[in-house]
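Got two chains here, separate frames each, mind docking them using the hints?
For the protein sequence lines, the chains are X and Z, in the order given. My numbering applies: residue 53 is where the first sequence begins, and numbers increase by one. My numbering applies: residue 235 is where the second sequence begins, and numbers increase by one.
By construction, these hints were calculated from the structure, which means they are not laboratory data. For every residue, glycine included, the Cβ atom is placed at its ideal position computed from N, Cα and C. Heads up, a few of these hints could be off.
Simulated restraints on C-beta separations [unchecked claim]: (1) 444/Z x 325/X: 46 to 54 Å; (2) 252/Z x 579/X: 18 to 26 Å; (3) 423/Z x 456/X: 34 to 42 Å; (4) 510/X x 367/Z: 25 to 33 Å; (5) 252/Z x 346/X: 39 to 47 Å; (6) 164/X x 469/Z: 48 to 56 Å; (7) 579/X x 349/Z: 34 to 42 Å.
Only pairs whose alpha carbons sit at most 20 Å apart, straight line, appear in this in silico SDA-like list of lysine to any residue [stated by the list, open to error]: (8) 360/Z x 322/X; (9) 360/Z x 316/X; (10) 360/Z x 394/Z; (11) 360/Z x 348/Z; (12) 360/Z x 323/Z; (13) 360/Z x 416/X; (14) 360/Z x 163/X; (15) 360/Z x 331/X; (16) 360/Z x 325/Z; (17) 360/Z x 370/Z; (18) 360/Z x 349/Z; (19) 360/Z x 324/Z; (20) 360/Z x 241/X; (21) 360/Z x 382/Z; (22) 360/Z x 429/X; (23) 360/Z x 319/X; (24) 360/Z x 318/X; (25) 360/Z x 341/Z; (26) 360/Z x 329/X; (27) 360/Z x 321/X; (28) 360/Z x 333/X; (29) 360/Z x 327/X; (30) 360/Z x 344/X.
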Amino acid sequence: MSALETAPGGAVIRLAARQIRRGGVIVAVLIAGMTAIVAATFDQVMADPAAAGSLEALAGNPAIRTLFGEPIGLGTAGGFTVWRVGSVTAVFLGAWAILATTRITRGEEDAGRWNLLLSGRITLPGTVVRHLATVLTVPAATAAGITGVLVASGTPMTGALIHGLGTGLLGLFFAATAALTAQIFPARTPATGTAVAVLGVTLLARMIGDGITALGWLRWLSPFGLMALSGPYVHDRVVPLLILFAAAVAIIVATGLTAARREVGSGLVTASTSRPARLGLLGSVESFAIRRALRPLAGWALGIGAYFLLIGLTAVSVTDFLADNPAMSDAAAQAGFPGLGSIAGFAATLFALLAMPVGGFATVRLGAFVAAETDRRLTSLAAQPIGRARLLGAEIAATAAASALLVTTAGLATWAGVLMMGGDLTLTASLRGVWNSMPIVLLSLGAAVLAVGWVPRWVGVVGGLPAIGGFLLLVIAESVATPAWVRDLSPYAHLAPVPLTGAGWPAIAVMLALASALTATGIAGYRSRDLRS
Amino acid sequence: MTDSALRAVDLTKRYGRLTALDTLNLDVAPGEVFGFLGPNGAGKSTTIRLMLGLARPTAGRAEVFGADAADVARAHRSLAYVPADVALWPQLTGAEILHLHARTGPGTDPSYRDELVERFDLDPSKPARTYSTGNRQKVALIAAFATRAPLLVLDEPTSGLDPLMEQEFRTAVRAARDRGQTVFLSSHQLAEVEAVCDRVGILRAGHLVEVATLSRLRALHRSEVTVSYAGPAPTLTAVPGVEAITENGDGRLRFTLTGSPAAALRCLATADVTALAVREPSLEEMFLDYYGAENGR
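One chain only, chain Z, in its complex shape (with noise of 0.2 Å):
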C-alpha cells in the first residue's frame, strides 16, 4: 500500500474549553492537489499547524508520508510550507532569506527559484523590514514552489496577492502538479480552489462537512440575482437552477442561481426589467446556506 501524502487520524485539538479542531480524518493521496475550504476561524490554519508539528494534537496523530508529524526532522525532509500571515526576519535582504530557507530546507532547484523571482517580480536585494505584506508572501511562495518537497502545504497564500500574481500563483501550483507533487492548499476563496482542485475538504467549526469533488463543489457556487422590474412581475418558478425566490412586493424580487443562466435571462427577457443586480455570495453565507447552522458547532 502506498502511504498517503498527508493523513490526519482522529486529529483533535482543544485549547481548554474550546475544540479547535475535532476528530478529523483525512487522506491526500500523492500527486493530488487538494483544497482545504472553510470560513474564518473554522480551524484551518489549527489543523495545518498540527499536521506541521507546530501544535501538539489533544488526541490522534497526523502523518507525512507515513512519518509522525511531531518527528519534524523526518517529516519536513518531504514538504515545503507558506504560513498565511509571512512573517520574515527584518534585517536580512530576500535572496538572503532564500538562501537560508535553500540552505536549511529539504532541497531547491537554484534556477528555478531564479524564474520564479522573475516571474512573481519580487526585488530580493532590499531587506525585508521593506516589503509589504504581498511581497513577504511572494518570498514565502518563492522559497516554497523552488524546493523539490514532495509536498506543498500552503495556507491561504494569495490573500495579499494582486491578481496579476495570482495568475502566477495559479501557473505555478499547476506547474508542481505536474512535476507531481502534492498541494495541500487552504484557501477561503472558492473561486481560487476551483481553479486549481482536484478534489475539495470542506471545514466547519472544527469538523470536516465532507470531503467533495469539484462538480459537487460547483453545486455550491450559485449567485444571488435581484431583479428590478416595471409592470408585471416575471415568472421564474419553473425555471431550471432558479431557487429561493422572494418577492419583495415594490417591484423587485430576488432568487438564487445555480449553473447556467441563459434560461432564466430568457424568461427575464419577456418582463420589463429596469435593473439587474448578480451577487457572488461569500463562502459563509453558502455555508449557512448549504449546510445549515445546525451542522457547525
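Extracted from the complex, chain X is given alone in its bound form (with noise of 0.2 Å):
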C-alpha cells in the first residue's frame, strides 16, 4: 500500500533524478575537484619564482584574460584559485544546467513521454517547477562543493561562500533560463539554443565590460559580471549576487505563469501547422546531413563571429598596452606566449581557443546523429539501400565540411574587426591561424565517431577529450606546474602560434594521422554493431 501513498510529486521528482544523477555527480565533481587542485597548488606556485613569474604572464595573456576575467586579488590562494578557474566553472556549470534542463522537461515532452505521465494527478506546471528543483540540485550541490573546498584550502570563510555563493547562483539562473524557454518553445532544440544564446551574450557583455571601461555597466546586466563585481576575497560584495538571486526567482515564476498558459506539447510560441514543401537538399543522404547541419550552423556561426569581432575590435589597444609595457611582454615571452605585443601573436593565442567551440560543435552534431538513431528517426534511411558507412560517412563529411565554415567565420570575423580599428592583420594570416586550429577539431570529431561506433552513449564526453578536455588539461599543467609529458598530453600544447609563426607540420600530419584511425575505427565498429533502436 505504501506506493498508493506516495505523493505525486515524489514520484516525478524521482524521475527527474534518475535522468540527471549521472551528469549531476560528475559536474559538481569536476568543479568541486578543479578548485580544490588549483587551490592547493597556490603556495606551490608561489613558492618557485619562476612559476610566480610565468603566472604573472600568463595573467598578463590577453587570451588568457578575456576567458578567465579580470585577475584581482592574485596574491591571495582564494584570489588566485577564482581567477584561475572561476570562468571556465560558472561557465561549466551554466552550460550543464541548460542541456540537462531542456533534455528532461522540453525534450521529454516532445518524446511524448510526458503524455503518460501527466494523465496521473500532477500538473504541467507542477511537474515543470518539480524537473527544474531536482535540476537546482546540482548548482546547491557544487555551490557546497566549491565553498567547502575553499574553506578547507584554508582561505577566508567569507570569500569562499561569495564565490562558492555566486556559481551556484549563475547555475540556477541559467537552469531557470532553460526552463523558461523550454515553455516558450514548442521543441526542444529552439529552446535549448535561445537558453545557450543567453549564455553567449551575457558572457560576452562582461568581457565588453572588463576590457572597455566605459562600457563597465554592463557587466550589472550579466550573470558572469555580476558573479565578476561580487569580487570574491577582494571586495566580498553581497549587493550583486541579491540582485542575481532575484532576477532568476523572477525567471523561475515566470516559467510557472508561462507553464499554466499553455497545451501540453506545444509552446508560448506555436508553431504553423501547414507549410509548402522545401525540397531543396533532400535528394541523397549527404544532403540531408547538409540540410540538418544548416540551422545549428547558422547559430554557432553567429555566436563564435560575435567573440572573435570582439577580439579583432579589441586587438589594437590590447597589443598597444603590451607594447609600452616591455618588461610585461618580457615575463610572457618567458613563459612561452611570445609575441603579444604584435597583433599577430595576439591572434595567434586566441585562434588556439578556436578549437574549443568548433570540436564542441562536432560533438555535438554526432550526438545529435546517434540521438536520432536511439529515437529511431534513422530507421527509415537505414532501411534504404544506403550502407552503414556511407549514412555515417555523411554525418562525418557534413560535420568537417560546416567546421571548416566555422573556423573561416572566426578568421574573416577577427580580420574585419581588426581593420575597423585600423590593425594591421592580413586576410590571409588570420585564415591560416583559424586553419591552424582545424587538426583539433578534427581530433575531436574522430574520437566523437570513435564513441558512435563502440560507445554511443558516451559521444558527448569522448568527442569533447581532445578539444575541450586537452585545454583543461593544458591550463591545469600549467598552473600546477606538473611534468611535462602530462602538459604535452594535450594537444594544445603541440600548436604552433600561427600566423606569428609558421605551421608545425610534424604536429599537424600526427594529429591527422590520429583523427584518421580514430575516424576508421569508428566507422569500422558503426558497420558492425546493432543499430540502438
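As C-alpha cells, this is what we get:
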C-alpha cells in the first residue's frame, strides 16, 4: 500500500533525478575537484619564483584574460583560485544546467513521454517546477562543494562563501532560463539554442564590460558580470549576488506562469500547422546531412563570429598596451607567449582557443546523429539501399565542412575587427591562423566518431576529450607545474602560434593521422554493431 | 533455381544470455503474401531487424533475393520497410519525408504515391511533429507501397490505424500482390493475417513453431462461448466443433467453438438460454491453448 500512498510530486522528482544524476554528480565533483586542485597548488606556485613569474605572464596574456576575467587578488590563494578556475567552472555549470533542463523537460515532452506522466494527478506547471527544482540541486551541491573545498584549503570563509554562492546562483539562473525557454518554444532545439544564446551574450557582455571601462555598467546586466562584481576575497560584495538571485527567482515565477498558460506538447510560440514543401537538399543522404546541419551551423557561426569580432576590435588596444610595457611582454615571452605585443601574436594565442567551441560543435552534431538513431528517426534511412559507412560518412563530411566554415567565420570576423580599428592583420594571416586549429577540431570529430561506433552513449564525453579536455589539461598543467609529459598529452601543447610563426607541420601530420585512425576505427565499429532502436 | 524473396538460414540472435531468436529457418517465395504471427515479445521485430541488417546475427544468415542481408546497399535495392513504431524527422513535412524516401529509396511511382496520399487521407503539408501515431504510420505505409521494390517488409503496420484505414491497407496489400510484389507482414492480429495472407509462420518465444497454410490457421481460430440457462443444462457433448465444455454449476457453462456455429445453436435452442456471450480469444491464449506452454522456452 505504501506505493499508493506516495505523493505524486515525489515520484516526479525521483523520475527527474534518475535522468540527471550521472551528469550532475560528474559536474559537481569535477568543479569542486578543479577548485581544490588549483587552491592546493597556490603555495607551491608562489614559492617557486619561476612559476610565479610565468603566472604573472599568464595573467597578462589577453587570451587568458578574456576567458578568465579580470585578475584581482592574485596575491592570495582564494583570489588566485577564483581567477584561475572561476570563469571556466561557471561556464561549465551554466552550460550543463541549460542542457540538462531542456533535455528532461522539453525533450521528454517532445518525445511524448509526458503525456502518460500528466495523465496522473500532477499538473503541467507542477511537473515543470519539480523538474527544475531537481536540476537545481546540482548548482546547490556545487556551491556547497566549492565553498567547502575553499574553506578546507584555508582561505577566508567570506570569500569562499561569496564565490561558492555566486557560482551556484549562476547555475540557478541558467537552469531557470532554460526552463523558461522550454515553455516558450514548442521544441527542444530552439529552447536549448535560445538559452545558450543568453549564456553567450551575457558572457560577451562581461568581457566587453571588463575590457572597455566606459561600458563597465554592462556587467550589471550579466550573471557572469555580477559574479565578477561580487569580487570574492577582495571586495566580498553581497549586492550583486542578491540581484542575481532576484533575477533567477523572477525567471522561475515566469516559468510557472507560462507553463500554466500553455497546452502539453505546445509552447507559448505555436509552430505553424502546415506549410508548402521545401524540397531542397532532400535528394540524397549526403545533402540531407547538410540540410540538418545548416540551422545549428548558423547559430554557432553567429556566436563564434561575434566573439572573434570582439577579439579583433580589442586587439589593437591590448597589443598597444603590451608593447608599451616591455617588462610584461618579456615575462610573457619567457613563459611561452612570445610576440603578444603584436597583433599576429595576440591573434595566434586566441585562435588556439577556437578549437574548443568548434570541437564542441562537431561533438554535438555526432551526438545528434546518435540521438536520431536512438529515437528511431534514422531507421527509415537505414532501411534504404545506403550502407552504414555511407550513412555515417555523410554525417562526418557535413560536420567537417561545417566546422571548416565555422573556423573560417572566426578568421573573417577577427580580420574585419582588426581592420575596423586600423590594425595590421592580413586576411591570409588571419585565415592561416584559424585553419591551424582545425587538426584539434578533427581530433574531436574523430573521437566522437569512435564513440558512435563503439560506445554511442558516451559520444559527448569522448568527443569533448581532445578539444575541451585537452585545453583544461593544458591550463591545469601550466598552473600547477606538472611534469612536461602531462602537459604534452594535450594537443594544444603541440599547436604552433600561427600566424606569428609558420605552421608546425610534423605535429599537424601526427594529429591528422590520429584523427583519421580514430574515424576509421569508429566507422568500422558502426558497420559491425546493431543499431540502437 | 529461383531465389527466395526472403530466406533465413539458422538465423540466431542472442543478447547476452537471452536468446531472442533461435535457429530460424524460413523461405518466403517471390509473389506470396507471408504472414508472420506471434504474441508480443516472440521475436518478430528481432527477426525483421536481422533481415534488414539493422542488427547483426549471432549465428546464421539472412538473404534478400539471394543478397546477404548485411550488404544493405545491395539487399535494400529490392525492399521497402515499414517499422512497427514509426519515428519521423519532426521538422520535415509529410511531403518532404515522402520526397526524401523516394530520392534515397529503391525507386518510387510518383502518381501511385499521390493516389495513396488521397486514399489514406493524409495531409502532407503538415510538419511531422504534429502527426498522430496513425498519421506517422500512414506516411511510412505510403512511402513503402509507392515503391516498386519487389519485397515489402511490414512490421505490425496497422496498430495505429482506424478500421477504415485498415481496409485501405488491405486493399493496398492485395494491389501489391497483383503487381507481383512479395509482402512479409508481421502481425499479432489473426484477423488481419487471415484477410490478406497466403501462408503464415508462427513464432513463439524465439522459435518458429510452424509454417501453416490458411486453412490450418482457420482451425486455430476458435471462439469461447459462455451460456447462462434456466432449467436443465443443454447437452453439447456430441455437437461437432464444440470442445472443452466446463459447467460452472450455477446455471452457466462454457465451451469452445470451431468452424460453423449452426449445430451448436440448434442444440442451444432446445434449452432455456437466458444469456449468450461469444468471445474471440487473444492470440496468446490461442497459442497457449493450441501449442501448450512446453513448446515455448
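* Asked: Which numbered hints does this structure break?
  -> The structure breaks hints 3, 13, 21 and 25; every other hint is satisfied.
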